[in-house]
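Novice: Model the placement of chains B, C and D on the given structure of chain A, informed by the hints.
Number of protein chains: 4
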Amino acid sequence: MVKDGDRVLLYGEDGSKFILRVVAGAKKSTHLGLIEFDNLIGKQFGDRISIGKTGKAFYILPPTYVDDIFSMKRKTQIIYPKDSSYIIMKLDVKPGSKVIDTGIGSGAMCAAIARLVGETGKVYAYERREEFLKLARANLTEWGLADRVEFFLKDISLGFDHSDVDALLLDVPDPENYIRQCWEALKGGGVLGVVCPTTNQVTAVLEKIYDLPFVDVEVWESLMRQYKPVPGRLRPVDRMVAHTTYMIFARRVNSKPSSYQLEIPSRPDNSKQNAEEV
Amino acid sequence: MVKDGDRVLLYGEDGSKFILRVVAGAKKSTHLGLIEFDNLIGKQFGDRISIGKTGKAFYILPPTYVDDIFSMKRKTQIIYPKDSSYIIMKLDVKPGSKVIDTGIGSGAMCAAIARLVGETGKVYAYERREEFLKLARANLTEWGLADRVEFFLKDISLGFDHSDVDALLLDVPDPENYIRQCWEALKGGGVLGVVCPTTNQVTAVLEKIYDLPFVDVEVWESLMRQYKPVPGRLRPVDRMVAHTTYMIFARRVNSKPSSYQLEIPSRPDNSKQNAEEV
Amino acid sequence: MVKDGDRVLLYGEDGSKFILRVVAGAKKSTHLGLIEFDNLIGKQFGDRISIGKTGKAFYILPPTYVDDIFSMKRKTQIIYPKDSSYIIMKLDVKPGSKVIDTGIGSGAMCAAIARLVGETGKVYAYERREEFLKLARANLTEWGLADRVEFFLKDISLGFDHSDVDALLLDVPDPENYIRQCWEALKGGGVLGVVCPTTNQVTAVLEKIYDLPFVDVEVWESLMRQYKPVPGRLRPVDRMVAHTTYMIFARRVNSKPSSYQLEIPSRPDNSKQNAEEV
Amino acid sequence: MVKDGDRVLLYGEDGSKFILRVVAGAKKSTHLGLIEFDNLIGKQFGDRISIGKTGKAFYILPPTYVDDIFSMKRKTQIIYPKDSSYIIMKLDVKPGSKVIDTGIGSGAMCAAIARLVGETGKVYAYERREEFLKLARANLTEWGLADRVEFFLKDISLGFDHSDVDALLLDVPDPENYIRQCWEALKGGGVLGVVCPTTNQVTAVLEKIYDLPFVDVEVWESLMRQYKPVPGRLRPVDRMVAHTTYMIFARRVNSKPSSYQLEIPSRPDNSKQNAEEV
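Protein chains in written order, with the working numbering: chain A, 1 to 278; chain B, 1 to 278; chain C, 1 to 278; chain D, 1 to 278.
Next up, chain A with everything else stripped away, as it sits in the complex:
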């Protein structure tokens, strides 16, 4: 049941979306008409509310993470769900994980990690620019996630205050300059993720990674394509995002390999190689 103070997503029958916090007695004007918050209180999620005499209606939904980041206040480019979801899986984030996120920008990725590490995990959020840190903290607070995050206003060229973290996401304009600091912060076997938009940066980051004890180095990009959900005329949309970022992953080990395996071994296709104990 919707209560005073709840955050809700209002989904218009025209496909429009508004995220807002219910405030008893307050109102909000939208292109579909005036919403009186008192009409929301006591409703069930999934209920439909008509707007004044217009015949227009909204559904009351709980906001998802994807809803949240597309309507958050932001000053920076965010990592899109197509990328953030894959990064989170590759970084093996789960309840209890300790993860460094830097730079945090407007906090979208920080939130994606914080919501999954749960009460027992922690996000160490490093950011050099105070205005971003403030905005990110405000966004995390709005989403009820700030208590899982420790914020640090710091230039990471001096290194991180943490070590033995399970995973680290590096999202800064010059990632190639901080790979050693990342290695120092990660636990043995921990996962490094780096995002960068240009091929030149991917090359520069890979060179630094191969100078240090890392293995299982991978570079990926994601192309998600949406379809018009029309049963009788099913087809992709006309235009799509062509590029956001390359994603580099590597695992921190304690000493350098004797040589590098730069070709990609093909994934085993079943469990046959998970072989017999002697």
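It is possible that part of the hints are untrue.
To be verified - Here are a few chain A residues that face chain C, going by a calculated C-beta distance under 8 Å:
(1) Pro197
(2) Thr198
(3) Thr199
(4) Asn200
(5) Arg225
(6) Gly232
(7) Arg233
(8) Leu234
(9) Arg235
(10) Pro236
(11) Arg239
(12) Val241
(13) Ala242
(14) His243
To be clear, the hints were calculated from the coordinates, so they are not data collected in a lab.
The structure displayed is predicted, hence computed values, not measured ones.
Think of the CB as a built atom: it goes at the ideal place given N, C-alpha and C, for glycine as much as any other residue.
Specialist: Chains B, C and D only, in chain A's frame:
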């Protein structure tokens, strides 16, 4: 520190990967030579172990979810990380979520969800074929996740035993036949995810979805492309996965919309529309 | 040397493009300033002309086909170069080919074919709507290609006036209704190409194709991605065309196969199978 | 009607393909049985021939360019149709064009160009390695295209023997070393095409291009995806080509621009900008 009974990923310097459970006194033969488990015990994760006199070496890493599913025992096609990561984000899975997964196949997706719902959440896993249910249960047990999952050997055409779940993933050969049952099991505002490989099935599923109270219907496909991680010769790999599945998402509401918005509203590009309270 | 009456592409240093016909004594106003045509006459292609006192400049280039179709007058969606180039190769268009193009829309595809069939080939252009036929004829005339095209204002449900054509491109709103007529018009071994935007249409067209003597049936789609051509910051553009059309190809034979090979045989990877004569 | 000496494509009902030259009295053994060439002579293209008593059958088709290159004898990687078709359109190849192709490798691209330039055009084919030149000449001769090609066994670092060509395709291991030579060979407004597989090479080539008088610089890649042509179960194939080459295009002008427009101007979406004469 690695202990007797730990699950470890051995990452060979040639890029090969083995996941196994450390058993004091046991051995395992690999293409790089014989591994004596007693040599692993007491090592740190990230350490390098040389194999006999061959000069070959393995690194000891904690297995990630992605490592696990590519070496698991399986009898069915699994949902690939490129898709499962996005599905999990769209289903808004997080600590505390109650989620239905059906059919569970070999348990890969069930595990992906179970690890994120944490101690306070729950996965209700429905499967019609006993051999799959047994295999999935064995895999979940191996991964230490079985206590977060309740297994049901059941034909879902009779409906689910649960209602008010936060999210539901439908992965069966004929998904179009179970959309009403899914609607009944979901809470108001809960998210339905359907995976199916053919365009004809997408059409059939969409028709059923539009017959019921669902909104925010989306269809997606994911193309992930890997690069050869060679700094001076950076380029994509030669071949990639062209298709696995289409992903359909919709949110359960409590009454049908008066009309459907079948075109896709463009995402707001910033928070401007997150408008002023009156 | 540029002469009075030549068609030229003016390529501005700001990346803008104008295609126009040189008319002695005339002028054209652009956002970079006024162009006096007399300044073009006598210049070489590739020369740079400064505009008045602005310091801005244009280069004089011969227009290519791709330049032409992106600045042509049109009333219909055109087939994009990413698709038209592949269609032309699959239809095996070359000097001397006889090809049917229907519907011709604004003439872009008709022109692409006409320029390649040369003086010895011919395009038979069928169109039902007079306004499109007029526009296409005007465009073809402007490009100097009209003498290679015979235009027919006709409803193709009545069949084509030609048979034994080498190739046929079917680009109409309901292609599934004309597959028999296409079969009748094609020579033995001739290639049919069908373009259609939805998966439902692809299914409908394939069903009709399998009812008739066709072999070597293929369905394709093309995703072309452009890069920002910045050496030190090489990366794809932000957004791309996600979808234009599916392309279906089949070859007309004289009698139906006894059964269909619906799986795609993998292409031979070398000439080994091009085997020994006995 | 099929005659002694014709080249034919035999298309098996199982989807297999053989290209061969009809030789009266000869035979060819295939996995479907023995083919007696005398049974082909006098048949129509599109006819079905049964093989011995097996009930298996082949169709007799004229080979297309795409058929030819996938069964040609080759010693090098070829440019795939997805790329070669687009390159040909961007290079604006048509009857009468004069085009340089270098290196020619096994001759696939050379043939693609030669078949389109017709009797009135010409391909100047430069190759440094004699074995490739011999193979390419043999392939071109087999396809009846050798008279449109002039072959040069030459190291292009010394420059080309031609100038004022309409277009030039550069396909060598170190393309960044020959951009000046290409500029010298092209006519004003002529189109340069460069293919190279790595992002590092794209960067190196772009740097050289910007040192010389070129405009309209573009970088593209093509992802073609095939579908299983099954009407009731329409879906993409499981795996696809992820990468072959990047394609760089630029137009030769006679003097350098004062500055470069490195961002990509959006294509005009209609002919409105094809503006009014003053």
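Novice: List in ascending order the numbers of the hints, as given earlier, that are violated by the structure.
Specialist: Violated: none.
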